[in-house]
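Visitor: Protein chains in written order, with this note's numbering: chain P, 1 to 225; chain G, 1001 to 1374.
Everything labelled a hint here was simulated from the structure, so no lab data went into it.
Below are the DSS-like pairs computed for lysine-lysine, each with C-alpha atoms no more than 30 Å apart in a straight line:
| # | chain 1 | residue 1 | chain 2 | residue 2 |
| --- | --- | --- | --- | --- |
| 1 | G | Lys1007 | P | Lys77 |
| 2 | P | Lys70 | P | Lys221 |
| 3 | P | Lys123 | G | Lys1007 |
| 4 | P | Lys123 | P | Lys141 |
| 5 | P | Lys185 | P | Lys123 |
| 6 | G | Lys1007 | P | Lys141 |
| 7 | G | Lys1013 | P | Lys141 |
| 8 | P | Lys141 | P | Lys185 |
| 9 | P | Lys221 | P | Lys77 |
| 10 | P | Lys221 | P | Lys185 |
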Amino acid sequence: MIAALACHNLTKVYGRGSLAETALSGVTFTFQAGECCMLLGPSGSGKTTFLSIVGCLLSPTGGTVELGGKSIDYNRKGLLTRLRRTQIGFVFQHAQLLPFLSVYENLNIVARNSGLRDGDARKRIRALLEQLGISQYAHRKPDNLSGGQRQRVSIARAVLHRPRIILADEPTAALDWENGQAATKLLIEQAHNDGALLIVVSHDTRLSDLFDRTLRLESGKLRDP
Amino acid sequence: MIGVAAKMLLHSKVRSISTLLGIAVAFVLSAAQIGLMVSWCNTVSAIVRHADVDVWVMAEQTPAFDYGTPIPEGRLYQVRSVPGVAWAETLFMTWMFLRQPDGSRTIVELVGVDDGLAGGPWSMAENDASVLLEPDAIIVDRLYARQLGVSQIGDEVEMSDRRAIVRGFSEGVRTITAAPFVFTSIQSALEYDPRYRDDEITYVIARCEAGTSPEQLRDAIALAVPSVQVLTTQEFVERTLSYWLFDTGLGLTVIATAILGLVVGTVIISQALYAITNDHLPNYATLLAVGFGRWQLIAVVMVQAALLGIIGIAIGSTVFGRLSLISQATPIPIEMTPLVFGGIVLIFLACCLAASFLSLRSIFRIDPVAVFHN
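Chain G on its own, in the form it takes in the complex:
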């Protein structure tokens, strides 16, 4: 019956081709939205994940990495004295205005790293992250260089009327906000942001000793250090994701658009299959009359739905792949994981099969006696 199903589709060429294009477009729409979400998830938690630490100590009620508030620098020493801590440093995070060489101002997320450079840029295009330890040094990402009015190493900008010199360019250190990340040392960061006192920082980051798990260390620090919140890296990643995706409503918008793509795809295939089935109702009646069972006819419709779905998804995947490649050079790339992609394909295929419901109703209503009435 696969041959019959395929030939029936080929017989209705225009309808089949328009259906395939519809499914492909709907698939690209959904996959692109989910790809954006995957990319945003990777982006919003990138610094936390790439810092390569086990535990984050922060002010209570910190909703996300980007919205840290000051805590006393003394917390660093308290953390270092907790048994199980192998290493601990500070990290600074604030929002600043950066004045470009032409005088225009851009808001940036300023990240100040300690001597160990944890939380700094993880992928460099020019120079090494250690240049951050030089006075007034900053590193910006190549993707945002134009937005920040810089183009080469040595270019100068200002923050709070203090000079900042571009000493390196990172690569692929993106932000989902309009404010690019600018990396500097914690000493420089404290000088740039007058709202912070000299003895204030944003985060204490720590690594466990061998034999201590991040959870154990988290609990030990929480007991020993007052008035702070302690999270493992995984927990902080999840909290940051949850804030950006759900508290801001951004994720719901993306999910809604992805679902819309799915619904559009389902409606397209449902309508097209229904039309193709109705076009062939006399043929189905003939098949019933000459000894085919209704379940065989249902199989024909299901095979058609699956064929349209598989080919439509294949076309959509090719387009999505190209789109994803092109987007890698932009501040908002479309990314995908094999698991998520497999999930989208399965959901789409299930929707294609579900879309055959209307057609199946038609099949169940065929009266084979109709063959005598032409």
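One chain only, chain P, in its complex shape:
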């Protein structure tokens, strides 16, 4: 069975010479489609670097990343952009919605950019807003939403183009426990709906029961949890 995402001997070193700092050291992972994983680790353990590399935002110093069995060539910037546009969905710690666009517009530009037609995009956005319980806020600007509502919009943005993998960086860090838990459940539900691989970076071990698998990074190396 072809893995949804596979990393072999992934290494990332920032800087050179005496200033060199190793963020990831020989990390090897394999993830299957539909899997929901939690990635734990203290600050500076390399979690964000890992997400950046598998999210095609940063190139590794060594090792390979395979998406759906195909190795990613990090020298091809256009390919990386295309993968982010069509195969990867992101949920950020602070939602990172565009403040000058309404909720609907925030979703629509991403949907259109991923290649969805106008009518399909409209249907998909409406359905997602309905599922996430925020359809009444479609025409509000992000500044007029609560943190939990913004994070739900962010989840909708991450899944609306049905990506193969969804990467979430501390999606509950800015939320209280109840909202955080609810957002995580919604995220897992959306990933399951589309059979996407979900990798959530978090410090909150209380959420680990919600996931199929928990991994831990420490000092750039994979450890058993």
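Could you slot chain G onto chain P? The hints should help.
Guide: Positioned in the frame of chain P, the structure of chain G alone reads:
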């Protein structure tokens, strides 16, 4: 991406509005300077263009219409005898002091016309240019009547202690110098200016026979008439323009001010766009992270530059139009031709797009990983 670009600008309302005003002011500044130059170009060559002749014969080294020097009247007859000349007359031009009724003196450019009235006023407010053929008659322009101390037909002034009677008022016959044009007959002009002998004139003007071009006539006269310079009307217009715009430095000043306006406009939009782009760097990083290409973000910045430019120019054009209308009643009007105006708009738009250079550098330096660091 046009919608994203426009909404981003609307989100930064204060910055966008101040940028638009800055561009509009810079555009008005530049367009007004160039409008003044267009007006001056029209004004300095107006008599030459409106004389409706083909060839001008003048003293050698004449730098401009306003600085003609005496040539013998006999040159008129020599010109008339050149094959290809259909018609030729004389024209007189000199600088004089005009004494107003209250005794004060004003320097004027006195133009003496021959019987055919060529070189005379081309637009009359009161009476007809033919009144110049009456003894002691002069025509002055309405714009300068107050400056010359006259207000109605029949008012009298003096030049060289000789009486001059206002027999008509022209309209829109302007000068760029402080000396208004005063038209009279060549006979009266010779009496007013004692520096000229009775057999001296300033210009011989001629029209071609059918089938002869102005250039052919110019060459034929230059061969037949000694010690003069012969120019076609177009050449004389260009020489007069060149003198006033470049030899006097006047044009360079105007061009420098127009360029300054352009530079100010470019700097304003460059700074504003840079600030708007920097305000939105986290948003650009988000767009990059979620799958937008850098070229799409560049398009956003370029669209913003174009939008600011187009709206700023539209506001500036409206103000310029009003300013131009108001200036028509003054001795220094602001004029414009569609071609020159189109040129200014294109140059401004190009500058607005060029002004996005700093912002584009910011776009190229965005690290999408920044989205993880908020």
